[in-house]
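Visitor: One-letter residues, chain by chain:
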Amino acid sequence: MQFENVAIVDITETRKSRGKIERGNEYHSLEKYNEIISRDLLDSAGIEKSDVDGWAMGLPYAPTDESYPIRLLETLGFNVQWLTTTRDGGVSASSLLAQAAMAVESGVTETVICSLCDLPMDPYHKNKDSDGPTWDPDPRGYMKQYLLPYGCQGPNERAAHAVQRHMEEYGTTFDQLGEVPVTQRYHATLNPLAAFDEELTIEEWYESPMITDPHRLYDCVMRVNAGLGYLLTTKERAKKLTDNPVYVEGAGFNYANDVSPKPDVTVSGMGTAGDIAYENAGCGPEDIDFVQLYDDYPIMVVEQLEDLGFCEKGEGGPFVEETDLRYDGDLPLNTSGGQLSAGQPGVGAGAIQVNEAVRQLKGNAENRQIDDPRRGVVTGLANLGYGTNTTGHGCVILTNEEETHA
Amino acid sequence: MREHHSSLECDPHPPLPNIDQVEYARPHWEGLQEEQLLIQECSDCGERQHFPRPWCQYCGSEAIEWIESDGTATLYSYSIPRRVVEVYEYEPALPYVMGYVDLDVGVRFVSNVVNCDVDDVEIGMELEAVFDHVTDDVTLVRFEPM
Ligand SMILES: [Zn+2]
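Chains as they are written, first to last, in numbering that gives the first Met the number 0: chain A, 0 to 405; chain F, 0 to 145.
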C-alpha cells in the first residue's frame, strides 16, 4: 500500500517493567499506560484530546473482555469517529500503523492515536505454574490439539528448529549468531528505556544457559510491561504540529505464506512483505540507511536480512559477522537494543522497532543517533507455526523526505 | 545415562487435546488408538496435509480421504528443551527432543524423538513411529531411531 497524505507526528514509549511488584518493579494498569501515552502524544503535538478523532488499538495479551477497546476510550474520555483493533502478535505494531495510515489517507479520520499497551507480565493474573503470564490456548486450535500434547515449549523451542536448520544447510555459526544480541546490547547501553542495559560480551552470551538447544538464555526475548504509541495525521496537519514529521512510504504484509507440506524453515514470508513495501516506496535494500528488524530471536534477524535482500539466502551469518551493525556503522541494526534488550512488551513488541525508526528519522535518538538517516525499514513477525517458520509478516518503510514518490 | 522410554515422563499426563471439539479431525485420533498413523489426502488434487484441516488447504476441496502412513520418517530439524516455559507437566522429562519429523508419505509431523540419547540426535536420522497410549482416550505418536 502507498501513502501520499499521511505522516507520523511523534511516538512515545514508557519505561519497561518485569512486573515483579514484590521486588519493587513498577506497576501500571492498562488504563494508566494508555493515559500516559495519550498525554505524551497530545503534549508533544500541542493538541487537545478533542482533536483526536481516531484510535487504533493493539488488543493486549493481559486479560480483558469483549468490549475492552470501547470501554477504554470511555474511561479516558475519547470521543472518536474511527476505531480499529488488531491482535496479530508481533505484526500488530506495523499492522496498526498501516491501518491508521490507510484511514487517514482515505479521509475517514484525521488524527489517530495508535496505542500498544500491554501487561504480558501481569502480576495480578499469573500463570498458575510459573511467574509468567496467563495464557489460554485456543481450545480447538492446532497449538492445543497437536503441539502442546507433545511438549512444545513455546516460541523459544519452535524458533530453535530454524537455528538448527540454518546451521545445517548454510554452515551458520554460533559466533555469527551471537553478533546480533551482543551488538544490540551495546545499543541498549545507550538507551535509558531498555529493560536490559548492561553490556553483554560474546563470552557471557556463550556461557548463558541453554533454554532449548540451540537457543541460549540471551537469545530469547524477555516479556515486559509497557505502553507504546504513535500519533498519525495528514501531512498538512503534521507539518503544523512538528518540525520533523516522518512519512510512511510503503507497507507490505504477508500471512500464512508457506502452506507446503514440508516448509523450509530458513525462509519466511518477509521476502514477500518486503517486496511489496519496496515496490510501494520505489526503492530497494540499497536505499535503506538502517533496519529495525523484529528480533524475537537472533536467527530471525539473520533470516530477515536475507529475505529483505541485504544478502543472499544463507549468507546472513557471514553478513552479520562482516558488517558493522552499530548505530555509527555500515548498516545500523536495532539501534534501541531491540526487543532482545529493550524487552518484549506483549502486543506492543513490534512498536519497539517502529518507535526507534521514528526517533532516528526525527533526529531524536540522542547518543545513538545515526548520521543523517533518510530511510529505514521496520518489520514485525508473528506466530511460529506448525513445523514451519513465522507465518505473520509486516514490513513498513519510513522516511523523513517528503517528496519521494516519482 | 538415563533409561530410554518410548513415552516422555510426564506428571500426571500431557496437556490433552480436545478431541471431541474438532469433528473433522476425529479419524486422526481414532486411528492412533488403533496404532494407525492416518494422514489426510485430497481426492481432487492428490495433495496430502498434516495437521488435519476441515478442507484441502491447497485446492479447497472437501473430498478428504485418510491414508495410512507406515510411520517411517526422516528428522528435518530438532530442538532440545532444557527448561519448561509453557508445558510444565513435561518438567520430569527434561531434557527431551522436539522433532520436525518428515514422514515418508510427504508431510511434516511435530513430535518427539524417543528411545535415543539426546546427544545422539541428528538431522537426517531415520525414524519410525511408536504409539504411546497416554490415557484411555488419547494416543500420541512419537518417533524412535530405526
Ligand atoms: Zn486438494
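Since the hints were made in silico from the structure, they are not lab data. Be careful, since some hints might not be right.
Pair ranges (Cβ atoms, derived) [what the hints assert, rightly or not]: (1) P26/F / R22/A: 46 to 52 Å; (2) S5/F / E73/A: 32 to 38 Å; (3) E121/F / D174/A: 49 to 55 Å; (4) G105/F / P62/A: 51 to 57 Å; (5) P144/F / I201/A: 44 to 50 Å; (6) C115/F / G140/A: 25 to 31 Å; (7) P144/F / D174/A: 50 to 56 Å.
For each residue, glycine too, the CB sits at the ideal point set by N, CA and C.
Visitor: So which of the earlier hints does this model not fit?
Guide: Structure breaks hints 2, 3, 4, 5 and 7.
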